[in-house]
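Taken in order, these protein sequences are the chains called A and B. Under the working numbering, the residue at position 49 of the first sequence is numbered 49, and the numbers go up by one with no gaps. Under the working numbering, the residue at position 275 of the second sequence is numbered 458, and the numbers go up by one with no gaps.
Keep in mind the hints are simulated off the structure, nothing from the lab. Careful, some of the hints might be misleading.
To be verified - From the structure, some residues in chain B lie toward chain A, with a derived Cβ separation under 8 Å: (1) Met184; (2) Ala197; (3) Asp198; (4) Leu203; (5) Trp204; (6) Val209; (7) Leu213; (8) Arg215; (9) Leu220; (10) Ile457; (11) Leu661.
Beta carbons: idealized from backbone N, C-alpha and C, even for Gly.
In case you want the letters, here they are:
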Amino acid sequence: MRVPGPGSSDRSARFEELFRAEYGSVAAYVSRRTEPDQVDDLIDEVFLVAWRRLEVVPAEARPWLLAVARNVLGTHIRGARRGRALGVRLALNYVDQVMPSPPAVPSELLAALATLGEKDREALMLVNWEGLSPTDAARVLGDRPATFRMRLHRARARLRQALERENDPDGAVGVNGEEAANA
Amino acid sequence: MLEDSALDELMRDADPVDRLWTTTEVDAALARTLHRLTEVDETPARLIPLTVHRSVSRWAFAGLSAGASVLAAVVVVGVLLLSSSTTAAFAGWTASPSRPTVSQLAAARAVCGEVRATALVAAEARGPYVAIAYTRDGRPWQCITHGSTRLWDTSTQYPPGEVIKPGAASIYLPSIHHAVVGAGVAAMKALNRDRAKLFREKAPISRIASVQKAIFALDTGRDSLTAVAGSAGRAVTGVTFLLRDGTRVKATVGRGWYLAWWPGAGSTSATEPIKILLTTAAGTKLAPDSAAYLRGYYEPCLVQTSYCVRSPAINPIVPGIAPSIIRDYSLFRTQSPVAVNQLPRKLRVWLPRQGVTQGTGARLGLDFSAARAVSFGRLGWILAVPGNQGLCTFYSSRNGGGSGVCNPLASRYIHGGTGQQNGRYLVLGIVPNGYNTVHVRFAEGATVIVPVKDNLYLATLANQPTGVTSKNAAGHVLR
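This is chain B alone, in the form it adopts within the complex (with noise of 0.2 Å):
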């Protein structure tokens, strides 16, 4: 007669629904249900007006057998992706800020919570975008508006003391903020979370040393842009942020403080910003912590958290995850991790069994706490997990079959490998960022396309692979 324990076990193996909801779909549920609220109108006016702008198509994990297909699909998603944040999304921005009209800047005030005209400590217009900055309760706040929606706001608490001198030639960059405009939601929790912990740490006036990143994902085709906003020393009359596709935004300054935004967002995007300019009455030059900054811009984030600082003073980087592994694959930044008692129990189960938690594990020094979880729809999972000598994918299909593989450290090559899986092979693995297909060989010299996803790639296919390259837009190949 089966035991009590016996019986729960089989119970909860006859789970129909054993699997987790990422922090995108949970996203997407967030934005879902307050779009319905406000269609029953039962939302305060002030969480609606959150516009929600046209969605780019996401990618969809096709099958492999129309492999022309998903390549073309590719292309067209990454070109959508790249000119939704400055033709669509934000149409008419401009590079260049102007002084808001009285009626802009009215509207702005009263969008962003009936600001008081005295709290305003910086405005601007970047074509029918207001942006305004201002005080509350003693706090620094940020709010960008079109005509009667706020975009997006955040608080920017200064750390005490940090307030740069007067006179001096340089200025302060608390920070750098990201947002996705469609899911502001999720933005604003990532920020607040996040802000806490950066204050915390010190961060020296005389660098311009901290950068905070929010950790929602920057990458899944929303409407994303970064706002920026600090104080500047009274000598400094111009403020330029150079990004990488050759913008030149012109910051507003005055009054101690400078303020810009631009459309786009995510380290490896078009609209990064690589250098910062500061005009002086000596002229315009580099700002002389603008290398400092953009080292700080691209190190790795911490897991936990998720803001970026570098200076000599602070080293946020947690002992035990490799540098190079959040450096070079940005899920670990762009994603959250996902709690060990969030996976799949047949996962959790599996794990331990395979000896990946103890032997493998061990060696590579893997952190399940820092693990992210990718969902390739009815295809499964896949859980990638960081360590400080290597780093595992492991696979589970949605009806609890797993599979896994792991790799030491290298530079930049596939980390992936193939398995088998109800008769169908399995392929699965994780590039550095810049990789967006993986090319699956056979024996007989076909290939199939693959399109990666967050880093990973997994499909199933009928016939066993030969091997599986990647090749970035500069030309170089991962075997």
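This is chain A alone, in the form it adopts within the complex (with noise of 0.2 Å):
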């Protein structure tokens, strides 16, 4: 709420402004790495850290907010002593739970996306479901950009190898083809 009056009225108008621009991609983020019931307290931890705070949140939010949701997603999966990592498993699980028809998602894509390391499997995500670019990714991850690029490399060709060992001798990829017009 903008409330008038100096001192915290333009924090609160600030957050909030944050929150707005910044929700559909920290919950797309936690969404695509945690169970279903688990992501609203997640983003709630991630926007309660960003209270606290938002005075060093950069002017370019998002690489920041991410990586605090990484840290979160960390630590939630560390509390939970589940002992896995974090990634591809779980988005396959959300994939099975929320999605009751068949799931566009080709499954050979996840099966060789999680025989990657989690850095690598990670620097794919962020570049291609975050839509960040590589600079913006390094910083989700603490890499310097060019150790990024170079991650982002290796792990395109680990997925290339992977998914040639997955999957038949054609190399056919399904993907569920939308259906047809009807205007």
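The task is to assemble the complex, starting from two chains supplied on their own in separate frames and drawing on the hints.
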């Protein structure tokens, strides 16, 4: 709420603006990596950190917020004593749980993705799913941009190899087509 | 071997969360997060005092197998919506104001941000609610309170030089504010943004001409209110707003100001204002520009901005969107436009592939920047795209399938169609304001009832439908 008067109102307004601008990105990031029933709590955690540290949130907030989300998710996973790597396996669960119709996700691709190391997988996901530039994605992972580019290159190569192992001899990966227009 | 670009394409196609979040969802999330912040006691006190009222059940898009129960649910919700604003959310509200007690006024001044007594220009009580108008930093502000809770406030900045002339027997209506109390953050945001745009326009002083509307959802069942304030000529001793349901809301008038508010908001609600009565020494009569004001109120709102202005001097209609679309389909007023780059990627890819953006789109003059997206939960999304010659609705399933239907403009019929999706039959479309359910008929005579949400309906069915009709409260049937 925009509140008249000095001091806290500006902070509140800034927080609100940040929330509204970035909620979708944070929600998507978290949703891709954990179970649906955990999503709201984890998003709250991310924005709680943002509220506490609003003064240090950079103008380009998304990489900063996703880095926080990554930490929050990591803590969540460790806290739950799951001892499992963060990433695609959970995304697969998510797909199974919330999409009752046949998933459009090519399972070969996710299976191949699951064979990659966590940071390699995260690099591919940040660029393709979160839509981050390599420079921004590097910030999320705490890499230098040059290091990240190398990581991305390597991750693509490994994914390609894994796909070739997973796929049938024709190399076709099924993607559900769209329905015809009724217009 | 797969190229990098093809590999990335495969990755993007595999995105398990290819969706967007509507304004309504973000509002709800923000309210939830703020509540969480208050629980951990980290929010400044001034941010907190939004009372979160009991929220009325929102429509669930229930399964179609239980048609009768769906209808029953809809009827019940309708009653709740109508009654909630006056009976539950604002219990004790009175249509006639009284003078607040000293302690009530002191509490309101404190809650509204330590308002100095000398800054007060008007104050009133309606039952347990106290509203004040005051100036701060040279700008007028309005604030509505309940005990130690601030329900809503705003700043109303008047255009320079547009103060009403002393002695005039008319009032200046700079704005009508709609506020959703349970989502004050969103409401204030919308109001602030709109206000900046509104006052770039010149509203003629002699006419009651400008009406400001906020763009957040008004009809989702949250507690809402409408607030008015403005300057009144010295000859004016009384201002009364006559609402559609017959309620006469008397404003507080004095010192060149008037001030009033009432529960409920929305241009189709029972609490919309339909007449303004002015009292002077000569008696009470319809405000000179009441009709112009009301036309303004009903006039289609701008698409990108969100206020409605109607006067000979101001033409707010965006070229390219048929006014009747904005008037007849309130989702274009209550929902924010969705940025094209926020649409699910598969829908973005699908639209040009189907020639929608070129052929049909060009013929109908579609404006994708004015598109609204409405979620139907697990069933997917409908994207409604208005144009100057017609209207399209596109369906996007959660996993990327799509379908759509476009119609040229016609007066009040169902814009919709059917299609097939994963072996099930899809019915979707858009109906004008006032049509709350759609009846889907089948060859053997069976009918199922589909609820309408934000003018849109969507259902998947096992059998092929043969027709779709909808009836409004007046009994008019769309076919």
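Going through the hints against the structure:
At about 7 Å, the closest approach between the beta carbon of Met184(B) and any beta carbon in chain A falls short of 8 Å, and the interface hint on this residue holds. Restraint check, Ala197(B) versus chain A: the minimum CB separation of about 5 Å is within 8 Å; hint holds. Annotation: Asp198(B) was flagged as interfacial toward chain A, and the flag holds, the nearest CB pair being 5 Å apart, inside 8 Å. Taking 8 Å as the C-beta contact cut-off toward chain A, the hint placing Leu203(B) at the interface holds, the least distance being around 6 Å.
Residue-level restraint check for Trp204(B) holds (minimum Cβ-Cβ distance to chain A is 5 Å; threshold 8 Å). Hint on Val209(B) holds. Least Cβ distance to chain A is approximately 5 Å, under the 8 Å limit. Because the smallest distance between the Cβ of Leu213(B) and any Cβ of chain A comes to about 5 Å, under 8 Å, the interface hint for this residue holds. With a least beta-carbon distance of about 7 Å to chain A, the hint placing Arg215(B) at the interface is held under the 8 Å criterion.
At about 6 Å, the closest approach between the beta carbon of Leu220(B) and any beta carbon in chain A falls short of 8 Å, and the interface hint on this residue holds. With 8 Å as the threshold, the beta carbon of Ile457(B) stays out of range of chain A, its nearest partner Cβ sitting at about 30 Å, so the hint is violated. Interface restraint check for Leu661(B): the shortest CB-CB distance to chain A comes to about 19 Å, outside 8 Å, so the restraint is violated.
Against the hints set out earlier in the document, violations occur for numbers 10, 11.
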